[in-house]
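2 protein chains.
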Amino acid sequence: MIKKESKFIPAWQNKAPEKRSFRSIFKWGAPDEFKNPSQGFLYIIQQELGLLDSNFKEQQKPGNEQVKDSNEPGISKADIRLFEIIVGKENLFVDTYERLKYSSGKSMEDIFKLRENIIDKISDLVLHPRNKEDIINIIALCNDKKIPVHVYSGGSSVTSGLDCPRGGVTLVMSTHMNKLIGFNEKNQTITVQPGMMGACYEDLLNNAPEKLGTKKRYTGGHFPQSFEYSSVGGWVVTLSSGQASSYYGDAYDLVISQEYVTPSGSFKTHEYPGTATGPKVNDIMKGSEGCFGVLVAVTMKVFLYNPENSKAFTFMFPDFKKAAKAARQISQGEFGMPSILRISDAEETDVAMKMYGLEGSILDKFMKFKNLKHNQRCLLMGKTDGEKFFEKNVAKQVKKICKNNQGLYLTGYPMKKWYKGRFSDPYMRDSLNDFGVLIDTLESSVTWDKIHDLHEQVRSYIKKFPNTICMTHASHFYSQGTNLYFIFITKMQDIDEFRALQHGIIECIETNKGSLSHHHGIGKMMAPWMEKHLGKEQMNVLRSIKDHFDPNGIMNPGGLGL
Amino acid sequence: MIKKESKFIPAWQNKAPEKRSFRSIFKWGAPDEFKNPSQGFLYIIQQELGLLDSNFKEQQKPGNEQVKDSNEPGISKADIRLFEIIVGKENLFVDTYERLKYSSGKSMEDIFKLRENIIDKISDLVLHPRNKEDIINIIALCNDKKIPVHVYSGGSSVTSGLDCPRGGVTLVMSTHMNKLIGFNEKNQTITVQPGMMGACYEDLLNNAPEKLGTKKRYTGGHFPQSFEYSSVGGWVVTLSSGQASSYYGDAYDLVISQEYVTPSGSFKTHEYPGTATGPKVNDIMKGSEGCFGVLVAVTMKVFLYNPENSKAFTFMFPDFKKAAKAARQISQGEFGMPSILRISDAEETDVAMKMYGLEGSILDKFMKFKNLKHNQRCLLMGKTDGEKFFEKNVAKQVKKICKNNQGLYLTGYPMKKWYKGRFSDPYMRDSLNDFGVLIDTLESSVTWDKIHDLHEQVRSYIKKFPNTICMTHASHFYSQGTNLYFIFITKMQDIDEFRALQHGIIECIETNKGSLSHHHGIGKMMAPWMEKHLGKEQMNVLRSIKDHFDPNGIMNPGGLGL
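So the sequence lines, in the order shown, correspond to chains A and B.
Note that this note's numbering has the first sequence beginning at 1, numbered continuously upward.
Note that this note's numbering has the second sequence beginning at 1, numbered continuously upward.
I should point out that these hints are in silico values taken from the structure, not numbers from a laboratory.
Take the hints with a grain of salt, since some may be wrong.
[Stated by the list, open to error] No farther apart than 25 Å at their CA atoms in a straight line, the calculated lysine to aspartate or glutamate pairs in the DMTMM-like style are these:
| # | chain 1 | residue 1 | chain 2 | residue 2 |
| --- | --- | --- | --- | --- |
| 1 | B | Lys532 | B | Asp440 |
| 2 | B | Lys186 | A | Asp449 |
| 3 | B | Lys268 | A | Glu510 |
| 4 | A | Lys211 | B | Glu334 |
| 5 | B | Lys132 | A | Glu531 |
| 6 | B | Lys420 | B | Asp364 |
| 7 | A | Lys491 | A | Asp53 |
| 8 | A | Lys186 | B | Asp453 |
| 9 | B | Lys388 | B | Glu185 |
[Unchecked claim] What follows is a set of in silico ranges between Cβ atoms, one per label pair, in the way DEER data are often shown:
| # | chain 1 | residue 1 | chain 2 | residue 2 | range |
| --- | --- | --- | --- | --- | --- |
| 10 | A | Lys403 | B | Ala16 | 56 to 66 Å |
| 11 | A | Asn467 | B | Pro551 | 53 to 63 Å |
| 12 | B | Lys186 | A | Ile362 | 35 to 45 Å |
| 13 | B | Ala30 | A | Pro307 | 53 to 63 Å |
| 14 | B | Pro551 | A | Ser70 | 44 to 54 Å |
| 15 | B | Ala199 | A | Lys416 | 42 to 52 Å |
| 16 | A | Gly553 | B | Lys68 | 54 to 64 Å |
| 17 | A | Asp144 | B | Gly553 | 29 to 39 Å |
| 18 | A | Lys215 | B | Ala11 | 53 to 63 Å |
| 19 | B | Ile362 | A | Pro307 | 44 to 54 Å |
| 20 | A | Tyr409 | B | Lys186 | 23 to 33 Å |
Built from N, CA and C at the ideal position, the CB exists for glycine as well.
Isolated chain A (complex conformation) (with noise of 0.2 Å):
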């Protein structure tokens, strides 16, 4: 083992992958934009996981190898034919690079499985449909061929919900379907097709009077990690939360009204904020990942965008019991809510520490005479949005509650430093990928009576395997609870090996009262374990309305385990 951080720098391939290689579909974000880690989370990683310079000095299994175009499609020419006629040749692609790459998303296991080299579960076919029209004729062809259908946009799926376990086809909703619908500046609303990316929908309603001519500039609240590619419908079928929800609800709170298309029909919702008309169908079709129809247009909440208005905070407390009740009385103080909050548990707040450089810094050293200890002491950090004097307050409280609860004010520099990374940290997994080390993540819902538990439950089956990093965090408030984040680092050279530990921790989370995702979604990796989670009465209501919307079972097999 190493013993201190060496200057080494590891063999990163810090290129673009070759065009049609298997490395081009699973690289996080943009082909040409690499982020490796720091000498000091390295240094972590080395000295957790027992690995020596020279386990970084060669890559395995980079998946540099160009994906061949070996696997005939499981759909006839004559069907083929049928797709052509509504899309056009020009928006319909047979080719196994096209179909593996619309098949994949950015779970650990669709990445293991590219580096392999191995082509599993792909669509037959790659539809670009060019609006409404094309996907009311795909789905009615699809619906009397018995053709399975699967939606693709941003690609961004952690929980393998790009799988397509039946072949079938995939519409791919980013080219051609990511336009603007309208905007209502009276009623803070836009619509917008689903297949309009993340950074995209933002840059918009920021500049709302320059683009779409609007008295005001706005902003849309929603900032996943994978906020530069994910896709606005991806948001609200998968039930995402942005990195600010605590202030701007989750996906699931922003979307007012939605258009979908089905086997069964096609509808639009009312745009009513609030109604008494029995059971809502846009609250039946909210994460509902293509299992029911296809997304067509989408009307969302907007909200003021003044950054002007913003403000970092850092607090440090003796420990992860302190920060949480710090954070519940800031979630249950009924002055409004910070944008951002998060608290991190005492592995990750180590780990930032080093990430943010600020070990042994003053601030270290004042820490220390503050008897904040490391491995016991744990960050809260966030950021206050909305009116300027709303902001202030709310910033003036959480202080008096930290401070109340033994938290040290440590300024916003920490804030700002996370904020800084905060969508470029999933570059790191490929650079630490090329090495063997495995860095995935598994996520829950959780009250706050049983945060404790689940936290130390979870956390000590992880540890159990040797040299594993687990770092913890909860990043999206209520006033009846939060989630619980696990980041899991460890070195595995077996796919098979792998999931076990993953299933291992889902099985550990759903045992002690935690969610199967807090913002993550079902896919196909959570399925399995949907009917314990939610008992066979409530999975049979999924099912009934599954039936009634795609009785042939074309829509997104297997997903939701429906």
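Given the coordinates of chain A, work out where chain B should sit on it, guided by the hints.
Frame of chain A, contents of chain B only:
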């Protein structure tokens, strides 16, 4: 027509109804409480409806007759015996009075029929289940015998929600199933049986330290006008809104988890405040109006009880458009919301000025001096709540926005007057009905861009009827829209004539882009419009869920139009 307010006092029936009389069923609230229109309000009614003092001298159809036990139940003696085995003899009633009582709500039509001694669409058998097990047994028996099941708690439905068009059994939840199940102070949730009445629920929460051993005092934050005579379960299954919904949320927002007994099985939803595990069965059950199953337990959010932070405000605007604009700016201002916010149109404002004794006052003269004219000026009033500095800032921002829109500050006085009568105003309906003066309401959700169209169209429809008062307010606010609440007062003898008026208004609301209901629910009254309003595809979704839970169609037949 009378020319000025007289000292004449109508022959109000200020005595408790006879036991087992028709009047004892339809009279609002406590048997020995009464509220008669003030002289000012009576004067407006006389003037607008063209009524003389002589019209108020003799009561018409006061419903003082006894309900005779004349109606044979449509359930066999052998089956009744089976129900008796389940709930016990003391919890089963077959006499006409009890069956009529628990099949009647407070819709104008219900009252009309009771005053006419019409016994129609009533239950065959009234059961007072003691616990969940009783309900499981009742539902199993009813499902087996295909006997319709209805649920009654507060009986305050104004949408014929309690009609039993095919007879069957009615379960009264407020007798035994009205208990506290648990309080979780860490999660800020309370779990109760559905039959707990609003006032009892709020009293429990306000006095939680004494009654539940908690550290703090709480509020449910839910105060519909029916608060004292409606139940927690009723709020949830009909999607009720409280007068303070703009801050606390609608019943829809307050429900954390529900437990149901349905013909297809029993289940309890999880208590996570946010999850991404597919469409939420908790959502599907909200607003189901007893058509899917029987709610047997519900977990609700609670809030800190800080009445000392509350502050009332009132402003007068030159017209409704300016008042609505101010309310919209408040709702979109991102400084938090007042708990209560209300805007009244010109006709309601004029009535309010009389009712609160403001007309002719110094304040009135000041308003006239400020050019705030009769027949044009509009009230905006409300109340702030929440943490002390939050509340102060909301009050400050409300004031600023109102002033920017030419609102004149009128102190908190009119709001306090309204606040005092906020639960007792329904008593006045019985007093007026006694003289053939009908007072009824219809209400709707509306997005901000449609509010004035809807208001003007519905008003002009109602005002086409001669001698009719139409007062309108908006009282529940969201950043994307609000509601409109239409109160119409007219003199009609004939139920068919009244029904034609009511149906015409509903049709007019629906045609002009309002929803069928913002918070009264659908019941059997709105049911015929459901398919037109939601569209066939969405109605079919609800039908498929109904078929899943209730394949024999026994649960509240005809409710929600299912």
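Review point. What hint numbers does the structure not satisfy?
Key: none
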